[in-house]
Amino acid sequence: MKRPPRRTAIRLAAVCVLMLGFSYALVPLYDALCDLTGLSGSTSNLTQAMATAPETETVAERQVTLQFVANVDHSMPWDIRPDQFEMKIRPGQTYQTVFHAYNRTARAMTGQAVPSVAPQMAAPHLIKQECFCFTSQPLDAGESVEMPLIFKVSERLPETIGTLTLSYTFFDVSQTSGTQSG
Amino acid sequence: MSEIAAAHDDHHDYHPSGLWRWVTTTNHKDIGTLYLWLAMIMFFIGGAMALVIRTELFSPGLQFVDPQFFNSMTTLHALVMIFGVVMPAFTGLANWQIPLMVGATDMALPRLNNWSFWILPFAFAMLLSTMFMDGGGPAGGWTLYPPLTLQTGNALPFVIFSIHFMGMSSIMGAINIIATIVNMRAPGMHMMKMPLFVWTWLITAFLLIAVMPVLAGGVTMLLTDKFFGTSFFNAAGGGDPVMFQHIFWFFGHPEVYILILPSFGVVSSILPTFSRKPLFGYSSMVYATASIAFLSFVVWAHHMFTVGMPLAGELFFMFATMLIAVPTGVKVFNWVATMWRGSMTFETPMLFAIGFIIMFTIGGFSGLMLAIVPADFQYHDSYFVVAHFHYVLVPGSIFAIMAAVYYWLPKWTGNHYPERLGKWHFWLSTIFVNLTFFPMHFVGLAGMPRRIPDYALQFADYNMLASVGAFGFGFAQLLFLYIVVVTIRGGEKATDQVWEGAEGLEWTLPSPPPYHSFTTPPVVR
Chain P
1 MKRPPRRTAI
11 RLAAVCVLML
21 GFSYALVPLY
31 DALCDLTGLS
41 GSTSNLTQAM
51 ATAPETETVA
61 ERQVTLQFVA
71 NVDHSMPWDI
81 RPDQFEMKIR
91 PGQTYQTVFH
101 AYNRTARAMT
111 GQAVPSVAPQ
121 MAAPHLIKQE
131 CFCFTSQPLD
141 AGESVEMPLI
151 FKVSERLPET
161 IGTLTLSYTF
171 FDVSQTSGTQ
181 SG
Chain U
1 MSEIAAAHDD
11 HHDYHPSGLW
21 RWVTTTNHKD
31 IGTLYLWLAM
41 IMFFIGGAMA
51 LVIRTELFSP
61 GLQFVDPQFF
71 NSMTTLHALV
81 MIFGVVMPAF
91 TGLANWQIPL
101 MVGATDMALP
111 RLNNWSFWIL
121 PFAFAMLLST
131 MFMDGGGPAG
141 GWTLYPPLTL
151 QTGNALPFVI
161 FSIHFMGMSS
171 IMGAINIIAT
181 IVNMRAPGMH
191 MMKMPLFVWT
201 WLITAFLLIA
211 VMPVLAGGVT
221 MLLTDKFFGT
231 SFFNAAGGGD
241 PVMFQHIFWF
251 FGHPEVYILI
261 LPSFGVVSSI
271 LPTFSRKPLF
281 GYSSMVYATA
291 SIAFLSFVVW
301 AHHMFTVGMP
311 LAGELFFMFA
321 TMLIAVPTGV
331 KVFNWVATMW
341 RGSMTFETPM
351 LFAIGFIIMF
361 TIGGFSGLML
371 AIVPADFQYH
381 DSYFVVAHFH
391 YVLVPGSIFA
401 IMAAVYYWLP
411 KWTGNHYPER
421 LGKWHFWLST
431 IFVNLTFFPM
441 HFVGLAGMPR
451 RIPDYALQFA
461 DYNMLASVGA
471 FGFGFAQLLF
481 LYIVVVTIRG
491 GEKATDQVWE
501 GAEGLEWTLP
511 SPPPYHSFTT
521 PPVVR
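Residue numbers (the numbering used here), protein chains in the order written: chain P, 1 to 182; chain U, 1 to 525.
Please note that a few of the clues may not be correct.
[To be verified] Short derived list, chain P residues pointing at chain U, Cβ under 10 angstroms: (1) Pro5; (2) Phe68; (3) Thr97.
[Said to hold, decoys possible] Non-contacting residues of chain P with respect to chain U, defined by C-beta distances greater than 12 angstroms in every case (computed): (4) Ala9; (5) Arg11; (6) Ala13; (7) Val17; (8) Glu61; (9) Gln63; (10) Pro82; (11) Glu86; (12) Val98; (13) Pro119; (14) Thr135; (15) Pro138; (16) Glu155; (17) Arg156; (18) Thr163.
The hints are simulated quantities; they were obtained by calculation from the structure and are not laboratory data.
No experiment lies behind these values; they were computed from the predicted model shown.
Every residue gets a Cβ at the ideal spot worked out from N, C-alpha and C, and that includes glycine.
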């Protein structure tokens, strides 16, 4: 035996631990990459998109269809629906709509909406100026509420996209209410 | 036979006998044997599962098993064959051969070696026990994609913990192999003099250390998503199921090279012996293996072209994948050049090695087809994929393992195997393996999806052929078991060199080698 193999083994074990850490590091890396590129329908880069959007943007001639979808997490006993299921809009113009939420339980709860846009290439171009998804939504037992959404679609939306879908999933954050969710 | 003589020779060693010897052993030859027998047992278990699948698919309609059980068969067949057969078989070969090939007394960390083997029977007992649990075994595919896999019943935590155990075992085995190769080589055995089997295993071991922890992390996230309320892969909680696919295939693609690189080493050892020529392009073989291993880290997303990636991503992963064909082509051409104008003879190991080269290349070409993004949208999740990976794994990895067993069995046991039966085994296996998997290309291109218990009528004929082939292949392997058993029990005595053209340190030892070999380091020219 020329050299003690123990040192080699310890170094290799350290590499294993690092790689285990790397697998968890992939989670924030993946999120960061999605935010950067707007892939996977992530819209959490909104504030940046708004800040960099040119003021001089004009309203486009063409019309696109925007569909709204509202879901609840399987453990969330609320009824959610968009006021309009579909809107014909012109890119570059600002629009307003509302969503309806109703807490059908007998207790006060807090909900949080998580948005997603399909197709994913459209995600960076859907700019939400006012959205109920920015904050969590408390509702008393049996209470219902209209939640506003003010948005526009950037005129730089690729020509190939004729229909966009904006989907919200509500889930129960009563236990952790007050915390902002991604 | 010579037990009395052996006992006399080794009387200075403490030798527990019976079962306890195998439980407590730290000897690389014993542990190698244990790994190989585990692989043999799991091969028949995984094979039985494959035959359940092929029985159901013999004709259209649902006739023998219910779809849930069918799906758990496809899932468990894959997990058993990958983690229970190919990986332990290669680790067993490494345990037997690496110390003999580099002139070491034993593996560098013998007790760790014992532990890394003995974890495995428990891991597989746990995995197989899931078949009898409420909700059945895992049925979401071996790739364990969420959210489907999170609907598994009681079996899920058992599957995940058994994968943790398999991972720990592989990592410890890999650490041991690297420590042996780096620290225990005989004087004069420079890195660039090592046999290619040792080189390919060194590189494989580094791949194992790099990616098995990533798999462990990924399945742990599944576990916490299911039981502890995390949302790594739950879109409603801000996670993303596609992220699992990225993590899984970051492990998964290097993993498929873990399953094939040691085969390259085996074939590179066998061809020169039976061609009676040195291996053509030794150093290019080493560099090609290293390049394949390096590239394996940057091609994972070619398993998921259809999830919706930007064009730039698809192009990158397509070209990176095609680039792998270059070092692989270097290897294939080197093997052909090794045989070129050699004094070739066709004993069973050579037949399996040549069969490997031809059929692995077929699998490689269908892999190239799958790498083409626009074509992959048609092939994705079809039987074409099934045909592709079975061509690289069965007449690829499995044939190489069998070639290795036939090649080194006379060295390990001191007895020649019955040559005529070995050739029968090769030809039956080759005919039936092609009958099984070649028609899958056709049904796949025609649109038959994988992982379904029933199919449209137009696929009936080819599926029937594939099922006939599968049963033929399965029963031909009983012949292999028989040959191994009779060779261990006796047979024509082998010389030290065993094969006329064999070169290397292992052939300087007696057949069978003494329990403790190279107690004084050999001299390497």
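Hints versus structure:
With 10 angstroms as the threshold, the beta carbon of Pro5/P comes within range of chain U, its nearest partner Cβ sitting at about 3 angstroms, so the hint holds. The beta carbon of Phe68/P comes no nearer than 17 angstroms to any beta carbon in chain U, farther than 10 angstroms, and the hint placing it at the interface is violated. Because the closest C-beta pair between Thr97/P and chain U is about 22 angstroms apart, greater than 10 angstroms, the hint is violated. For Ala9/P, the condition that its CB be more than 12 angstroms from all CB atoms of chain U is violated, with the nearest at approximately 5 angstroms.
For Arg11/P, the shortest C-beta to C-beta distance to chain U comes to about 9 angstroms, within the 12 angstroms cut-off, and the non-interface label is violated. Non-interface call for Ala13/P relative to chain U: violated, since the shortest CB-CB distance, roughly 6 angstroms, does not exceed 12 angstroms. For Val17/P, the condition that its CB be more than 12 angstroms from all CB atoms of chain U is violated, with the nearest at approximately 7 angstroms. Taking the minimum C-beta to C-beta distance to chain U, about 27 angstroms, the non-interface status of Glu61/P holds against the 12 angstroms cut.
Every C-beta of chain U lies more than 12 angstroms from that of Gln63/P, the closest at about 25 angstroms, which supports listing it as non-interface. Every C-beta of chain U lies more than 12 angstroms from that of Pro82/P, the closest at about 17 angstroms, which supports listing it as non-interface. Even its closest Cβ contact with chain U, about 22 angstroms, leaves Glu86/P beyond 12 angstroms, as expected for a residue assigned away from the interface. For Val98/P, the shortest C-beta to C-beta distance to chain U comes to about 22 angstroms, beyond the 12 angstroms cut-off, and the non-interface label holds.
A beta-carbon of chain U comes within 12 angstroms of the beta-carbon of Pro119/P; the shortest separation is about 8 angstroms. No beta-carbon of chain U comes within 12 angstroms of the beta-carbon of Thr135/P; the shortest separation is about 15 angstroms. Annotated as non-interface, Pro138/P keeps its C-beta farther than 12 angstroms from every C-beta of chain U; the closest such distance is 19 angstroms. With a minimum CB-CB distance of about 21 angstroms to chain U, Glu155/P clears the 12 angstroms threshold, and the non-interface call stands.
For Arg156/P, the requirement that its beta carbon stay farther than 12 angstroms from each beta carbon of chain U is met, with the minimum near 16 angstroms. With 12 angstroms as the threshold on Cβ separation, the claim that Thr163/P sits away from chain U holds: the shortest Cβ distance comes to roughly 16 angstroms.
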